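Peer 1: In terms of the working numbering, the sequence shown is residues -16 to 462.
Keep in mind that the hints were calculated from the coordinates and are not lab data.
It is possible that some hints are incorrect.
Here are the simulated distance ranges between beta carbons [what the hints assert, rightly or not]:
1) Arg245 to Leu305: 29 to 35 Å
2) Pro339 to Gly248: 31 to 37 Å
3) Arg26 to Asn406: 23 to 29 Å
4) Ala373 to Gly342: 48 to 54 Å
5) Val224 to Ala164: 23 to 29 Å
6) Val172 to Glu148: 37 to 43 Å
Predicted model, so just to flag it, every value in this text is computed and none were measured.
Built from N, CA and C at the ideal position, the CB exists for glycine as well.
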Amino acid sequence: MTTRTDSTNRPVRPGWALALVAVCAFLTSLDVMVVVTALPTMRTELGASLADLEWTINAYNLAFACLMLTGAALGDRFGRMKVYVFGLALFTLASALAAVAGNVEVLILGRVLQGVAAGIAIPVSLTLLGDAYPPERRGWAMGIWGSVSGLAVAAGPVAGGFITEGLDWHWIFWLNVPFGAAATVLSAVLLRESYGTAPRIDVVGLLLASSGLFGLVWAAVRAPDTGWNSAEVLLPPAAGVLLLILFVAWERRTAHPLLPLRLFGSRGVTVANISAFFQHFALIGALFILSQLFQVGFGQGPLGTGLRLLAWTAMPMVVAPLAGGFADKYGNRPFMVGGLLLQAVGLAWIAGVTGPDTGYGALVVPLILGGVGIAMCLPTTITMVFGSVAPEDMGIASGSNSAVREVGGVFGVAFLGVVFAANGGYDDSGSAIDGFRAALALGAVASAVGMAAALFAPGRRRPAADPDATAALKDPETV
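All chains, please: the whole structure from these sequences, using the hints.
Peer 2: In structure tokens form, the structure reads like this:
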């Protein structure tokens, strides 16, 4: 494969860029779910309360979701490779801190730092990947990235159950350390540096956006514990909405905005963000519900649950590279629409057939359909964002899309949890199954909403007939 060079003449080897970015995707995605199956053991060994256990998950997701724009802005200003290396190094050190935790407070601190590192590294990693591949190969590369993320999601419940039962829960975090350290060193040596065009960071916009997202996400992570009518849940999102309104007003008037609002004049960016929100709302929320369905409703153990979920979560490993490659040829819209449709059908099918006596065989086909849908949609929404902006805007566009996805996942867990509680409970398996079915039905509805948005995505770009046609980068909505 040929290489490209930057102004420093450092060769850009796409294969190395993809491999190093994939390490970050795998580690950060794995840590979203790997802790879940270890929670009972952590509670016993650390003497933790239920609220403490919730924060071992929520602390990571909260920091991860709120810092995406921050990571993108820091990368554009100080260098994406430098910021990526810093994020990987911080993630490695935070994993070591969590691994040696002797009490729940240190564990939660480690999880917060892991989330901060992930929020910094992920948006710049996607920009580095988009920069390493030409547009005609970018969909395939994003498909590989999506398959690695899917592998991590698939491996999370299995790895957590296996490590907790066979080794010790501390090894959940120790396993990150050698891979993170190696990726940090290799990224500093092999990746090229790139920058955005803004001469300085929009500090006011950064504070407004991060604080506003924090208010929204805080409500989502606290609502299942305190109730949606509590002041702790009602006040933060109100403040968050106000801060985001102020953010938009500030971005309209500042000379060097954190998130140029002109990006949302592109149909591709707007549609991709809406679809990504609802796709992750359904994906992460349904994964949270399905893991409990198999354990509480069907009496499976952590490891058995993880293995049964592979029919769903392993599909991105196989299908995402194919979907990304075909999207390079046929455009992103068919795969976004088809993927969200399959995800909706799969979740609705599971909700419809699940009962106390349902065997696993009745769930395999809908699990596979839902997994194929994930694999079709995940890489193509990201590729559509990159194809809808000029090269100098890829960093912040990637950060906004990553933030939208993570916020969608947090809200998915919260709202599917609310629907479960309103329609069932943990008193017995029958009641639990009633709640799980209702929650999965909401996941299907959310997928269908995302599919409806994807119908408005721009079609495949026509080949440029002359050099003047390259101006389409500035106005990518073509067919």
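Peer 1: Now look at each hint and say whether the structure bears it out.
Peer 2: Tested hints:
no.	hint	result
1	Arg245 to Leu305: 29 to 35 Å	34 Å, holds
2	Pro339 to Gly248: 31 to 37 Å	52 Å, violated
3	Arg26 to Asn406: 23 to 29 Å	27 Å, holds
4	Ala373 to Gly342: 48 to 54 Å	53 Å, holds
5	Val224 to Ala164: 23 to 29 Å	41 Å, violated
6	Val172 to Glu148: 37 to 43 Å	38 Å, holds
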